[in-house]
Amino acid sequence: MTGSPILEVRGLKVSVAAQPETHIVRGVDLQVNAGEVHALMGPNGSGKSTLASTIAGSPAYKVDEGTILYKGEDITKWRPDERARAGMFLSFQYPTPIPGVTMVNLLRSALQARRGAEVPAREFIAEMRSTLAQLKMDESFARRYVNDGFSGGEKKRAEILQMGMLKPDLAILDETDSGLDVDALRTVAEGVNELKRPDMGILIITHYERILDYIKPDFVHVLVSGRIVRSGDFELAKQIERTGYDPILQELGITRTEEAVAP
Amino acid sequence: MTQATLAEQYTEAAVSAASVHRGDPDWLVERRAEAARAFAALPMPTQALRPWRYTDVAGLDPAGFAAAAASVRIDGAVPAGAFVGSLADGAAKVPVVRERLGSLLTATESRFLAANAAKWGADGVLVHIPRGVAFAGPITITVDASAVVNEAVYPRLLIVAEERSEATIVVRTTSGDAPVMAAGAIEVFAGQASQVRLLLDDRWGAQTRDFTWVRGRLERDSNFQVGSIAMGGLLVKQTVEALLEGEGSTSGIRAVALGDANQHFDFVTLQDHIGPRTTSFVEVKSALAGASRQAYYGITRIGLDAVGADADQTNRNLLLSNEAKADSDPVLEILTANIARCGHHAAVGPVDAEALFYMQSRGLDMRGALQLLVSGFFYSVVGEFGLPEIADELSGRVQAKLATATL
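Just so you know, the protein sequences line up as chains Y and P, in that order. In this text, residue positions in the first sequence follow the working numbering: the first is 12, and each later residue adds one. In this text, residue positions in the second sequence follow the working numbering: the first is 17, and each later residue adds one.
Derived by calculation from the structure, the hints in this document are not laboratory data. In this text, all values refer to a predicted model and were calculated from it rather than measured experimentally. Careful: at least some of the hints might be erroneous.
[To be verified] Capping the alpha-carbon separation at 20 Å, the derived lysine to any residue pairs in SDA-like fashion look like this: (1) Lys-82/Y x Arg-96/Y; (2) Lys-178/Y x Gly-98/Y; (3) Lys-24/Y x Thr-87/Y; (4) Lys-147/Y x Ser-162/Y; (5) Lys-109/P x Gly-39/P; (6) Lys-73/Y x Ala-128/Y; (7) Lys-227/Y x Leu-247/Y; (8) Lys-88/Y x Leu-372/P; (9) Lys-73/Y x Ala-28/Y; (10) Lys-73/Y x Ala-369/P; (11) Lys-341/P x Gly-365/P; (12) Lys-73/Y x Met-382/P; (13) Lys-249/Y x Gln-261/Y; (14) Lys-73/Y x Leu-372/P; (15) Lys-88/Y x Gly-365/P; (16) Lys-88/Y x Leu-335/P; (17) Lys-178/Y x Thr-198/Y.
Turn these sequences into a full structure, and let the hints guide you.
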């Protein structure tokens, strides 16, 4: 039951914009179709977050080679806001605090941008309430400043709230599990499952397997030194949970120290 | 009128005659005459003086402008016993005016203040809050210079808050598209345990140049909070000072400026800790588009007797375009070692790239993201001022101004 392609990454090579010699992603091919959940795993520093940010259009990174297709269209040169309006969503690993801007303000502006039209206040409030309820979040949350003084769990839930309002066709969840205790992780993962639609693709970036116990991936990829070195199904994630990344690294002839040094 | 005849209106003879003609009491006629003498003696400030370093006042000598008066409208409920109205009326009716008027901002300290003391007219306002009286809501004083063309206005406000009184005063300044020169003076006497909040809401027209002084003197346990929203005008220079004389007094100065095109903002602040255990807070922020400019010169002074003083001073400037420019010049003068805290922070730079990417990744284009970021940047200053309506309205005004600003 494979749907049409949502995301196609082809031969992607990425460096740091401010340091062009620092090559982080070194040739990645990846396809996420509608209805699929992909997990991208890998040790620290393997380029997972860089890949996620690059797909979302972060100006901090520069695409040296390759293309990114979204719903069949080459978006490699699109601005981040154009990608977002087209239905791409990045849940940040470290959501940025924005003091003085309430969640309500951000959500309303973002929703208007996504729809390309004014969203009447009443309609907006109704949608926000139902999304908050769906994610079992208190309404007072929406009146707080974006990510300002939020706990780790609150930050991640705020990301999922935005995802719920914006109804993306591609959701990239960058280390959504990091910094969460088991209860917070379950809440956030349940939120993602609530928001999952058959016509959307999900790419979960994670270091650990545990979030995948809640959001079952159809495909698992292992990124090492900027390349996907293994792809498989959920069993691959479970294997990593049991043995860590070392056996894979050893098989590839990479030692931990090299891995840490390799950009 | 020619330059010579314009200048004649500022002579002692002309000032005294006009004062008598207005029906000022004798003491006020004499005060104005003194101010005229000071005006004759004082030079225009030059950029060699530190508070004037960033602002060129060439061509802005008050003597080159005919004096006019802005019209004044006062909104808000005034409790029985309090006086909110014309300063000329107050000078005749409220005894405390004679002692206080011109005693904090003296005519001899600046040519602009001398001109103001000599020439203030129907735009003089007195707010007198008797002992123990609290105003229920804000009093809004709208100083409207929209009928003024190529002339100078000298708005003057005297606020006397007696012991344990409480008031919030909003001063809104407006003008039309024609050139206007304004030199304003606001004196605030915060009596023992009084609470005075003053919000300056600058909505000057695009060709107005404004020099305004605010000075508050704080008695024991009083609290004086100043907020300033600077968005209008071609040149706006505000000097805001809190003299923390009384033990346990507290002052706050929060200013925000949003510039575009060739707007020039210049803030000078002084938090002068004179009495023991005094607390002060200053936060001056700007967001600058186009070729606009912001200068900040802020002094935190902790005097010999100000043991246990707690002072904090912050200046943050967001540059929204490559042409915008900000200068920050914070100064600390600490004369006693026994203090609680004396902090200062200054930053000038573009919008945080991470915050910008975060907003963009939510679908907001660059301008939309900046609109939200800047209104948030400002809200954190004004939102804490306790006037939520004005804070909410500010957000809309910020967004509207940035909708067309040169980024």
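Consistency of the hints with the structure:
1. Lys-82/Y x Arg-96/Y: 13 Å, holds
2. Lys-178/Y x Gly-98/Y: 7 Å, holds
3. Lys-24/Y x Thr-87/Y: 12 Å, holds
4. Lys-147/Y x Ser-162/Y: 17 Å, holds
5. Lys-109/P x Gly-39/P: Given pair Lys-109/P, Gly-39/P holds - Cα atoms ~13 Å apart, limit 20 Å.
6. Lys-73/Y x Ala-128/Y: Not OK: Lys-73/Y and Ala-128/Y at ~32 Å, beyond 20 Å, violated.
7. Lys-227/Y x Leu-247/Y: 12 Å, holds
8. Lys-88/Y x Leu-372/P: 18 Å, holds
9. Lys-73/Y x Ala-28/Y: 5 Å, holds
10. Lys-73/Y x Ala-369/P: Measuring from Cα to Cα gives roughly 15 Å; hence the hint holds.
11. Lys-341/P x Gly-365/P: Holds. Lys-341/P to Gly-365/P sits at ~9 Å (cutoff 20 Å).
12. Lys-73/Y x Met-382/P: Holds. Lys-73/Y to Met-382/P sits at ~19 Å (cutoff 20 Å).
13. Lys-249/Y x Gln-261/Y: Holds, at roughly 18 Å.
14. Lys-73/Y x Leu-372/P: With a Cα-Cα distance of about 17 Å, the restraint between Lys-73/Y and Leu-372/P holds, given a limit of 20 Å.
15. Lys-88/Y x Gly-365/P: 27 Å, violated
16. Lys-88/Y x Leu-335/P: It is violated: about 26 Å lies between the C-alpha atoms, which goes past 20 Å.
17. Lys-178/Y x Thr-198/Y: 19 Å, holds
The structure does not agree with the numbered hints 6, 15, 16 stated previously, though it agrees with the rest.
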